[in-house]
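*Asks:* Just need the whole structure built from these sequences, with the hints factored in.
Chains B and A, in that order, give the protein sequences.
The first sequence lines up with residues 9 to 414 when you count with the numbering used here.
The second sequence lines up with residues 1183 to 1665 when you count with the numbering used here.
Please note that the accuracy of each hint is not assured.
[Stated by the list, open to error] Incomplete in silico selection of chain A near chain B, CB under 7 Å: (1) His1587; (2) Tyr1591; (3) Ile1592; (4) Val1594; (5) Lys1595; (6) Val1601; (7) Glu1602; (8) Glu1604; (9) Tyr1636; (10) Lys1638; (11) Ser1642.
[Unchecked claim] List of simulated lysine-lysine pairs, DSS-like, C-alpha gap at most 27 Å: (12) A/Lys1344 to A/Lys1242; (13) A/Lys1539 to B/Lys298; (14) B/Lys373 to A/Lys1262; (15) A/Lys1242 to B/Lys373; (16) B/Lys284 to A/Lys1583; (17) A/Lys1539 to B/Lys50; (18) A/Lys1595 to B/Lys50; (19) B/Lys44 to A/Lys1595; (20) B/Lys17 to B/Lys55; (21) A/Lys1600 to B/Lys298; (22) B/Lys360 to A/Lys1564; (23) A/Lys1530 to B/Lys44; (24) B/Lys60 to B/Lys136; (25) B/Lys298 to A/Lys1351; (26) A/Lys1530 to A/Lys1567; (27) A/Lys1462 to A/Lys1262; (28) A/Lys1564 to B/Lys281; (29) B/Lys373 to A/Lys1462.
These aren't lab readings, by the way, just hints derived from the structure by calculation.
Heads up, the beta-carbon is just placed ideally off N, CA and C, and yes, glycines get one too.
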Amino acid sequence: MGLLEGIKKYSQENPAINTQNKEAFSMFLELGFPTKNDEEWKYTSLKKIISKEYKIENKGEKINENEITESSLGLGEKIIFLNGELLRNPEISGVTVTKKTNNNPKYHDAITALNAAYAKNGYNIVVKKNTQITEPLEILFLTKNASNNFIQYNNSILLQENSSIKILENIKNLTQNLCFTNTKTEIKINNGGVLELNKIQDYSDSQFLIDNTNIVQDSKSCSTINTMLLGGAFTRNNLSFIQNGAHCESNMNGITVLNNNEFGDHHTYIDHKNEKCESNEMYKGVYAGKSNGVFNGKIMVRPDAQKINAFQANNNLLLSDDCSINSKPQLEIYADDVKCSHGCTIGQLDEKALFYMRTRGISEKDARQILTFAFVAEALEKITVPSLYEKSKALIEAKLNVSLSI
Amino acid sequence: MREKNSEDELLEQVTSTEYKYGFTTKIASDTIAKGLSEDVVRLISKKKEEPQWMLDYRLKAYHAWLEMEEPDWANVNYPKPDYQEIIYYSAPKQKKKLNSLDDLDPELKKTFDKLGISINEQKRLSGVAVDIVMDSVSVATSFKSKLAELGIIFCSISEAIKEHTELVKKYLGTVVPARDNFFSALNAAVFSDGSFCYIPKGSKCPMELSTYFRINEAGTGQFERTLLIADEGSYVSYLEGCTAPQRDENQLHAAVVELIALDNAEIKYSTVQNWYPGDKDGKGGVFNFVTKRGVCYKNSKISWTQVETGSAVTWKYPSCILKGDNSVGEFFSVAVTNNLQQADTGTKMIHLGKNSKSTIIAKGICAGKSNGSYRGLVQISKGAKNSRNFSQCDSLLMGDKCGSHTFPYIEVKNSSSKVEHEATTSKIGEDQIFYCNQRGIGTEEAIAMIVNGYCKDVLSQLPMEFAVEAQKLLEISLEGSVG
Chain B
9 MGLLEGIKKY
19 SQENPAINTQ
29 NKEAFSMFLE
39 LGFPTKNDEE
49 WKYTSLKKII
59 SKEYKIENKG
69 EKINENEITE
79 SSLGLGEKII
89 FLNGELLRNP
99 EISGVTVTKK
109 TNNNPKYHDA
119 ITALNAAYAK
129 NGYNIVVKKN
139 TQITEPLEIL
149 FLTKNASNNF
159 IQYNNSILLQ
169 ENSSIKILEN
179 IKNLTQNLCF
189 TNTKTEIKIN
199 NGGVLELNKI
209 QDYSDSQFLI
219 DNTNIVQDSK
229 SCSTINTMLL
239 GGAFTRNNLS
249 FIQNGAHCES
259 NMNGITVLNN
269 NEFGDHHTYI
279 DHKNEKCESN
289 EMYKGVYAGK
299 SNGVFNGKIM
309 VRPDAQKINA
319 FQANNNLLLS
329 DDCSINSKPQ
339 LEIYADDVKC
349 SHGCTIGQLD
359 EKALFYMRTR
369 GISEKDARQI
379 LTFAFVAEAL
389 EKITVPSLYE
399 KSKALIEAKL
409 NVSLSI
Chain A
1183 MREKNSEDEL
1193 LEQVTSTEYK
1203 YGFTTKIASD
1213 TIAKGLSEDV
1223 VRLISKKKEE
1233 PQWMLDYRLK
1243 AYHAWLEMEE
1253 PDWANVNYPK
1263 PDYQEIIYYS
1273 APKQKKKLNS
1283 LDDLDPELKK
1293 TFDKLGISIN
1303 EQKRLSGVAV
1313 DIVMDSVSVA
1323 TSFKSKLAEL
1333 GIIFCSISEA
1343 IKEHTELVKK
1353 YLGTVVPARD
1363 NFFSALNAAV
1373 FSDGSFCYIP
1383 KGSKCPMELS
1393 TYFRINEAGT
1403 GQFERTLLIA
1413 DEGSYVSYLE
1423 GCTAPQRDEN
1433 QLHAAVVELI
1443 ALDNAEIKYS
1453 TVQNWYPGDK
1463 DGKGGVFNFV
1473 TKRGVCYKNS
1483 KISWTQVETG
1493 SAVTWKYPSC
1503 ILKGDNSVGE
1513 FFSVAVTNNL
1523 QQADTGTKMI
1533 HLGKNSKSTI
1543 IAKGICAGKS
1553 NGSYRGLVQI
1563 SKGAKNSRNF
1573 SQCDSLLMGD
1583 KCGSHTFPYI
1593 EVKNSSSKVE
1603 HEATTSKIGE
1613 DQIFYCNQRG
1623 IGTEEAIAMI
1633 VNGYCKDVLS
1643 QLPMEFAVEA
1653 QKLLEISLEG
1663 SVG
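*Replies:* In structure tokens:
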């Protein structure tokens, strides 16, 4: 039984969903899972994933303290979810963390409609006015299940006026059983709010993920999303920014290092709706083995959103003949007093640089490692939490080491 | 405030600049009833005195077309043409076959003079051989006999179907199959004429070959087909120009161009497209839905250069299939949209051969309330080792009501190829204009200068005769659209 049938069966067993978000659920049933005929999924096939059998919203097994410590980067306060349930909830002054109870979530496509239909777990973070949180907040989603399972989260973050917070998020599957996660995070940043959200995605081969993150910004707010995709059988990141106010800044940085049969897809969308805003986008990808990558970045500038500066760069290194990259940078501009650009490169390390290093007595492998790390380092430097920077650097170096030896 | 006023005045000026080629010629013509059916396809084929295999080809395409849907993925909005309201065949009446251009109907001759194709002058200069297609049929081809001495065949496609059957049969539809897309299927079913050109092995065509397309009759659609074959080691430079009368209705132009560059051959294909763009309120104008594609064999090269200033709606992607090792594909484009024009144009570079190279330079200029899009595909297959692509797409916006968009698709499947793509969108900087003003150059001239410099990469690729025309066109299209 594939996932679609499984979901239908689950909805019959739990009639509550049909009444709760009936419209969202019927929209999902009508559209079904997207296929390659869908322009937004042109290079990304869900076929293999949804043909598998999953238990839906399964309770799963218990976990011990050791497993938590091992999964965490151990940087600060933690919010921990186990098999979809909120397990630990820290107390931080100026921040309220509650279990998400929004029964009226927004949705705009089949995937988010499915999430809206019955995702009942997730966090709700509110950072109070004028509160500055300097210690990073770690959010961990853990799963430990005796069978394949399908889990959905529905999260929200609200930054009130002039508040700031730094968050890091990770999803971990502790078993070899497949875990397909469909998560959605709605973020609202009020005037003058500053958010840094770091997604560490060092997933295992048994993880499939669709991550939908939507950010709405008011004026003079700033958001930075850093995504470090370092593994996982299938990862699709849908990241969208809507700038409602003037003088907003949106930054997105991504590092992708994949090998074997891993697959990673970054879809970003930035909607400049108001004037005098800025967006910066930098995605670096290193692909080895039989890995596949997709990048789709769209910059939209609405009419009258003048004085916009929007930059986008997507640079990729292909290390083997069996890997591939499909890149689609897009600009849609309806205002004239703007500076928008995108650049995309796909290539290899500079042979001259390699040669230079070898003449200095550095082995070829080390030289490749150094140059490849330097290639992604530019995006890594956008992480402003020093401890997290060090941890991420170690993770990337370890992954590069493996990738370069394939 | 003062500046605003002069801006308005300038805008006023542009919109009142008339489309120079908007006249019609009163020529008796042989026109069939409007509408499309199997009988119409048979009738066209019969009028052209075509062999059976050609009719079969058309009918097959027609039936394929019936099952296809008009594409709507392009970033353009237009009322879908009613395909039963179009006249599919119209020909200026001419009794006998002409041997020389001197025998032309004087009315026709006048038309060509107005269009700036002075046949006599060209004869004197011996510069360009012209094939002229009016409405549905080719009316004149110059320098035919001179070219024939070199073994070069340059004639209308209907003549080629009869006289060079083997060549046409071998290559027609191999690059753009009838089923390729909605408009190519329609074209394959009803194309009435077009140009055919064959350059024999090892020869370099001594002059520019040129085709001039003109829609004259009201209510007609133009469906021409061009087939150009450059045999091993040959070279040809080919020019294409087009105009249409000013009419309130939308006229459909759905052409297919196929280029075949065999081993070591080189084809340079240049277009200055200046179909009637519609008036300032977007009334009338030509729908330009064109499929152009070339295939490159070993060490060969195809270079597309286009200057797109006309048409109400443009839907055009001249492409290269780089099949052979070391083959080269190039695409240089300037697309100008003004008033309510819409253009969705770009290219496809399909790398299949090793060491294949492609370059894409696309410059978009949008003014008024127009929308221009670049849509391109660079595909490097697994076997295309050491391939190289460089793409650059820039857009210049003039005025706050226009839009400019970029939709590049990049697909790479091996680790020895390099692909670079960059795109920018901006307007002419106030500092640049200020600098020119300071040196005593008026705003208008300054803009013309900046735009010219901006397009230089593309214009310099055009043959001399066309470069001058293209530059003038740019000036007319953009006159006064200071943003």
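*Asks:* Each of the hints needs a verdict: does it hold here or not?
*Replies:* These are the hints, each one checked on the structure:
no. : hint                   : in the structure
1   : His1587                : holds (5 Å)
2   : Tyr1591                : holds (5 Å)
3   : Ile1592                : holds (4 Å)
4   : Val1594                : holds (5 Å)
5   : Lys1595                : holds (4 Å)
6   : Val1601                : holds (4 Å)
7   : Glu1602                : holds (5 Å)
8   : Glu1604                : holds (4 Å)
9   : Tyr1636                : violated (15 Å)
10  : Lys1638                : violated (20 Å)
11  : Ser1642                : violated (24 Å)
12  : A/Lys1344 to A/Lys1242 : holds (20 Å)
13  : A/Lys1539 to B/Lys298  : holds (25 Å)
14  : B/Lys373 to A/Lys1262  : violated (59 Å)
15  : A/Lys1242 to B/Lys373  : violated (59 Å)
16  : B/Lys284 to A/Lys1583  : holds (18 Å)
17  : A/Lys1539 to B/Lys50   : holds (26 Å)
18  : A/Lys1595 to B/Lys50   : holds (16 Å)
19  : B/Lys44 to A/Lys1595   : holds (18 Å)
20  : B/Lys17 to B/Lys55     : holds (19 Å)
21  : A/Lys1600 to B/Lys298  : holds (19 Å)
22  : B/Lys360 to A/Lys1564  : holds (25 Å)
23  : A/Lys1530 to B/Lys44   : holds (20 Å)
24  : B/Lys60 to B/Lys136    : violated (43 Å)
25  : B/Lys298 to A/Lys1351  : violated (43 Å)
26  : A/Lys1530 to A/Lys1567 : holds (18 Å)
27  : A/Lys1462 to A/Lys1262 : holds (20 Å)
28  : A/Lys1564 to B/Lys281  : violated (41 Å)
29  : B/Lys373 to A/Lys1462  : violated (63 Å)
Violated hints for the displayed structure, listed by number in ascending order: 9, 10, 11, 14, 15, 24, 25, 28 and 29.
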